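Produce the entire structure from the sequences given, and follow the hints as far as they go.
Sequence lines, in order, name chains A and B. Heads up: the first sequence is residues 1 to 139, going by UniProt numbering. Heads up: the second sequence is residues 1 to 236, going by UniProt numbering.
No wet-lab data here; the hints were simulated from the structure. Since the structure is predicted, the reported quantities are computational estimates derived from the model, not experimental observations. Glycine included, each C-beta is placed from N, C-alpha and C at the ideal position. Please note that the accuracy of each hint is not assured.
Stated by the list, open to error - Every beta carbon over 10 angstroms from chain A, so not counted as near; a handful from chain B, in silico:
{"id": "1", "residue": "36"}
{"id": "2", "residue": "78"}
{"id": "3", "residue": "186"}
To be verified - Stretch-level coverage of chain B by chain A, calculated; a stretch enters the list once three of its residues show a Cβ under 8 angstroms from a Cβ in chain A:
{"id": "4", "segment": "8-14"}
{"id": "5", "segment": "84-91"}
{"id": "6", "segment": "110-116"}
{"id": "7", "segment": "200-210"}
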Amino acid sequence: MTHRSIPIQLQRLLRRNRLVQIGLLGAFWAAGEALARTTGLPLPGGIIGMVLALVLFLAGGLKVASMKRGANWMLAEMLLFFVPAVLALLDHRELFGLLGLKIFALIIVSTTAVMCVTALTVDICYRWTERDDSSSAVA
Amino acid sequence: MTAAALWREPLAQAAVWSLATILLYLLAKRLHRRWPRWWLMPLAVAPALLMIAALALNVSYRDYIRGTHWLVALLGPATVAFAVPIYEQRALIRRRWPLLLAGMVAGSLTAVATSWALAYVLGIDGELRLSLLPRSISTPFAMEISGEIGGSPDLTAVFVVLTGIIGAAVGDIVLARLPLRSTLAKGALFGVGAHGAGTARAHQIGREEGAIAGLVMVLVGLMNVALAPLIVQFMR
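Okay, structure coming up:
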């Protein structure tokens, strides 16, 4: 489907309306879910939908503007969608005691280590490549 | 119909819990904007208040999630939304992908190694330890892996969200202490360390950071799904 085949008015609606754009995001997700189910890919539908949207953007079949408002809103409010999952703790009262404290400590230490290692690795590689770039520029 | 009978209606319960979740989230967001302390994060305050309400009303997790599952389901379309910032940052990503890959591999190895070692030191073993291993990956991937390596997907989901909450808070502290030059490193730190919740936090810091965090989160998930069987070989 090329962009030109969509009537102008529909294009305009898509460009302006946040709710319509959220509907479009939902459609991509549904397509991803259907693809995952039919092909048996071990990937969540959202990821497949995201790849589909990216491919369409890159191929020029879909303009970013027709998704941007909806996407920005979804990304800004994403934390809300995580809230209900935390209440699974209600089913695991055993985690409220000493065991919970141990796990809490484990997560803090491990996550801090992961963040430091990741950031430093990227940053050190970044400085290397920057130095190479500038020295080759001088040479 | 009396109020008590109405309360037993599943539809009424769904409406009440959905509304309560959304309102408490909005309230928590306001609180955090007014007093930006890490322990006032919406993702910590809103669930805590809901948990107190559920305990007070003697509502089980099953009753609660039956009415609010649609909110969790919105994580699917929200994942699709990452296509926009990733597309907009495509030039940066094309130029810098080797750096991101290096960070992802180093971060993933650190995640698995520290989780396993700390669990061993603290005397956490069995299914619980295995459920803790895939913690640094975003929920859908993590649950997949957890089941595969013998953990409990349900518990892993809780640990993933906890990692996100803690990670978003720890990320700010790490960011302030490390002398990082590139936005690349700042985005990757949140994407590898604290997946969805961290990525949401990275988006608040900057568009570029958010885009990189989103991309890295997705790629780390894919990478770990591919590597999980290999890692398990070593852990057994």
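Okay, the hints, checked on the actual structure:
1. 36: Nearest chain A Cβ is 14 angstroms from residue 36 of chain B, so the label holds.
2. 78: Answer for residue 78 of chain B: violated, closest chain A Cβ roughly 5 angstroms.
3. 186: The claim breaks: residue 186 of chain B does not keep its Cβ more than 10 angstroms from every Cβ of chain A (closest is about 7 angstroms).
4. 8-14: It is violated, with 0 qualifying residues against the three required.
5. 84-91: This one holds; 6 residues, not fewer than the three required, reach chain A with a Cβ under 8 angstroms.
6. 110-116: Holds, because 4 residues of the segment 110-116 of chain B bring their Cβ atoms closer than 8 angstroms to Cβ atoms of chain A.
7. 200-210: With 3 residues close enough to chain A, the hint holds.
In this structure, the hints that do not hold are numbers 2, 3 and 4, in rising order.
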